[in-house]
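Dock chain B against the given chain A, drawing on the hints supplied.
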Amino acid sequence: MSILVNKNTRVICQGITGSAGAFHTKGCLDYGTKMVGGVTPGKGGQKDPNGLPIFDTVERAVKETGADATMIFVPPPFAADAIMEAADAGIKTIVAITEGIPVLDMVKAKAFLKDKSPSVLIGPNCPGVITPGESKIGIMPGYIHLAANDPKSKKTVGIISRSGTLTYEAVWQCASRGIGQTTAVGIGGDPVKGLNFIELLDLFNKDAATQSIIMIGEIGGSDEEAAAAFVKQNVKKPVVAFIAGRTAPPGRRMGHAGAIISGGEGSADSKIAALKAAGITVAESPATIGETLAKVLGV
Amino acid sequence: MKIHEYQARQLLADAGIPVPSAEVVRTPDEAAEAFKKFSQPMCVVKAQVYAGGRGKAGFVKLVKSADEAREAAKFMLTHRMTSYQTGPEGVPVSVLIVAPGVDIAQEFYLGITVDRTRNTVTMIASAEGGVEIEEVAKKSPEKVIKEPLHPLLGLQGYQARELAFKLGFKDKMANQAAKLMMDVSKVFIKTDASLAEINPLVITKDGKLLAIDAKFNFDDNALFRHNDLVAMEDETQEKPLDVRAKKASLNYIALDGNIGCLVNGAGLAMATMDIIKLHGAEPANFLDVGGSVTPEGAVEAFNIILSDPKVKGILVNIFGGIAKCDVIADALVKAGRQIGFKVPVVVRLEGTNVEKAREILSGAKSELPTLQTASDLTDAAKKVVAAVGRVAA
Numbered sequence: 001m002s003i004l005v006n007k008n009t010r011v012i013c014q015g016i017t018g019s020a021g022a023f024h025t026k027g028c029l030d031y032g033t034k035m036v037g038g039v040t041p042g043k044g045g046q047k048d049p050n051g052l053p054i055f056d057t058v059e060r061a062v063k064e065t066g067a068d069a070t071m072i073f074v075p076p077p078f079a080a081d082a083i084m085e086a087a088d089a090g091i092k093t094i095v096a097i098t099e100g101i102p103v104l105d106m107v108k109a110k111a112f113l114k115d116k117s118p119s120v121l122i123g124p125n126c127p128g129v130i131t132p133g134e135s136k137i138g139i140m141p142g143y144i145h146l147a148a149n150d151p152k153s154k155k156t157v158g159i160i161s162r163s164g165t166l167t168y169e170a171v172w173q174c175a176s177r178g179i180g181q182t183t184a185v186g187i188g189g190d191p192v193k194g195l196n197f198i199e200l201l202d203l204f205n206k207d208a209a210t211q212s213i214i215m216i217g218e219i220g221g222s223d224e225e226a227a228a229a230f231v232k233q234n235v236k237k238p239v240v241a242f243i244a245g246r247t248a249p250p251g252r253r254m255g256h257a258g259a260i261i262s263g264g265e266g267s268a269d270s271k272i273a274a275l276k277a278a279g280i281t282v283a284e285s286p287a288t289i290g291e292t293l294a295k296v297l298g299v
Numbered sequence: 001m002k003i004h005e006y007q008a009r010q011l012l013a014d015a016g017i018p019v020p021s022a023e024v025v026r027t028p029d030e031a032a033e034a035f036k037k038f039s040q041p042m043c044v045v046k047a048q049v050y051a052g053g054r055g056k057a058g059f060v061k062l063v064k065s066a067d068e069a070r071e072a073a074k075f076m077l078t079h080r081m082t083s084y085q086t087g088p089e090g091v092p093v094s095v096l097i098v099a100p101g102v103d104i105a106q107e108f109y110l111g112i113t114v115d116r117t118r119n120t121v122t123m124i125a126s127a128e129g130g131v132e133i134e135e136v137a138k139k140s141p142e143k144v145i146k147e148p149l150h151p152l153l154g155l156q157g158y159q160a161r162e163l164a165f166k167l168g169f170k171d172k173m174a175n176q177a178a179k180l181m182m183d184v185s186k187v188f189i190k191t192d193a194s195l196a197e198i199n200p201l202v203i204t205k206d207g208k209l210l211a212i213d214a215k216f217n218f219d220d221n222a223l224f225r226h227n228d229l230v231a232m233e234d235e236t237q238e239k240p241l242d243v244r245a246k247k248a249s250l251n252y253i254a255l256d257g258n259i260g261c262l263v264n265g266a267g268l269a270m271a272t273m274d275i276i277k278l279h280g281a282e283p284a285n286f287l288d289v290g291g292s293v294t295p296e297g298a299v300e301a302f303n304i305i306l307s308d309p310k311v312k313g314i315l316v317n318i319f320g321g322i323a324k325c326d327v328i329a330d331a332l333v334k335a336g337r338q339i340g341f342k343v344p345v346v347v348r349l350e351g352t353n354v355e356k357a358r359e360i361l362s363g364a365k366s367e368l369p370t371l372q373t374a375s376d377l378t379d380a381a382k383k384v385v386a387a388v389g390r391v392a393a
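One line per chain: the protein sequences are A and B, in this order.
When we follow this note's numbering, the leftmost residue of the first sequence carries the number 1, and every step to the right adds one.
When we follow this note's numbering, the leftmost residue of the second sequence carries the number 1, and every step to the right adds one.
Simulated from the structure, these hints should not be mistaken for lab results.
Please note that the accuracy of each hint is not assured.
[Claimed, not checked] List of simulated lysine to aspartate or glutamate pairs, DMTMM-like, C-alpha gap at most 25 Å:
{"id": "1", "chain 1": "B", "residue 1": "K146", "chain 2": "A", "residue 2": "E265"}
{"id": "2", "chain 1": "A", "residue 1": "K110", "chain 2": "A", "residue 2": "D81"}
{"id": "3", "chain 1": "A", "residue 1": "K154", "chain 2": "B", "residue 2": "E350"}
{"id": "4", "chain 1": "B", "residue 1": "K138", "chain 2": "A", "residue 2": "D269"}
{"id": "5", "chain 1": "A", "residue 1": "K152", "chain 2": "B", "residue 2": "E355"}
[Stated by the list, open to error] Derived, one-sided and incomplete: chain A residues facing chain B with beta-carbon distance under 10 Å:
{"id": "6", "residue": "F112"}
{"id": "7", "residue": "P127"}
{"id": "8", "residue": "G220"}
[To be verified] What the simulated footprint calls covered on chain B by chain A, stretch by stretch (three residues with Cβ under 8 Å from a Cβ of chain A suffice, anywhere in the stretch; the number is not a length):
{"id": "9", "segment": "118-126"}
{"id": "10", "segment": "187-195"}
{"id": "11", "segment": "264-270"}
{"id": "12", "segment": "317-325"}
{"id": "13", "segment": "349-357"}
Every value quoted in this text rests on a predicted model; they were computed, and no experiment measured them.
C-beta: ideal position from N, C-alpha, C; glycine also.
Isolated chain A, as found in the complex:
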């Protein structure tokens, strides 16, 4: 089992003819993802180098291919529009990789999505989502993962992370200790985004195959504090966390638009305290996330 995506998920790429879109479409195909086509307005009717059909609109792509997930590489000025187009076409899992979308565009897209259930958005500014061994929708290197149903996997974990590369770090550390991942989700570093910790904690909590959860947060905002409260109330599975940015000075934005400590809110220490108070084990170092979980699980 897994959450959000599995081997049957049919995926299109919006922005398939751009360099990043083309590169990672190939990467996903090589991983085994069921890529069924792509969208680039004005290039409908053509085929990509892998022989995938290209469509002018998402609506058409869905009609012709039965796609139920999309991976968006559309450039920032047009990316929010691409998200709304996907939702309107009935795509269930919308994964927005694009970095640098204006915040006010995301405010609108987020409001638009409210009326568009069952569509869910992951990202933007994220590595994507992967159910190892089944489907990879995004830019993460596939080989670092260990499938939850792999014979080498002794225990399983679901991973939720605000940071792309730290997700890889956690995945890699778990995989090398025989902890397979049911699904790993990068939720992205933007202030206004799709699925957040709480929704994903809920999904992993309900997924029978997921035995434990790793959540990776960073400075800024109060999502981790809200997640901690949710875990305390609802989650019985072991949860391990790491918060990046303990050494970050207040008032400076650390790359991610969301990663800024302002007015005393959003510091790593306050988040770590909230997580610990909720019974979550917090890894002290980014290098010991896997080790910490292994200890908790007795692997």
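What follows is chain B alone, placed relative to chain A:
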């Protein structure tokens, strides 16, 4: 992106918001002229800098004569302003405003920003104006009123009126305040701002509503559609290395330690700083090269790190996803050839194209004599801390 107070005032004035008259000046003589022009008993001279803390630093001054205005201007224009926000090197001052004193009856705070928990824009208002809003929020949160804007429709008239009455505005003044709030919210949306503040918004003793001091920050991601705003940017207010980094699309922030970091991904870059500290040393910078880093961008990143004289060692930590390890390895070799690394360089690579990257590095011993490779993050941190320790000793 930030802009100066005088530019923010202009944005407000253009939107029909009442701002007090003021002259923008660039020389001491112009300051004296401005004072004479207003023919008021008192004026204020304010340095135009991005950083806060002007008042305490002596860069906001009340003057009672043209001579005093000239002297105040002369001081400000020939000194760098330092405050808790600028670091010891301070920032240069090249523009001032001179404004007649205002007889204030009451002060308010009005701000707009993105509220990430609500996923929309929120107006923030308080009857405790003229002071740090963060302080008010901490001491008496009930005095800070928040009103979320509809994500698609913006601030509605009834919301603005409600806010105005809650702040204690009465009669006609309440309508004026509500209109002002509507206008500010429109400017915020139109300019893709990330923060707009009027602090203080005042009622004068003769019963006028005025926006005395204004501050705007803009969403960097939206600047592509605001060339008029980009033209306002004053690069002299940023640290030179920050400006260089920005031009190369790098996220760089100088810090106080001596270990330079080059990392892909903001989260991993922060975590790399954290692990350096955990092993007893201090990072010299935050540097996220981003996912779509080019070979030239990566070389420039090394250039920027090395131009900080504090740097005694470098830690390169790449977990390739959208960024490719071999691009970084190539850049490292190129930078070695062009600038040369005299300080120890510890490299940890994993992810996309890592094999290719390892080959590149193992064939570049002569370009990179100080290179050490690390097997994982802890190993990398230990190696670089040990190497820098040796250098320091």
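Sort out which numbered hints this structure fails and list those numbers smallest first.
-> The structure breaks none of the hints.
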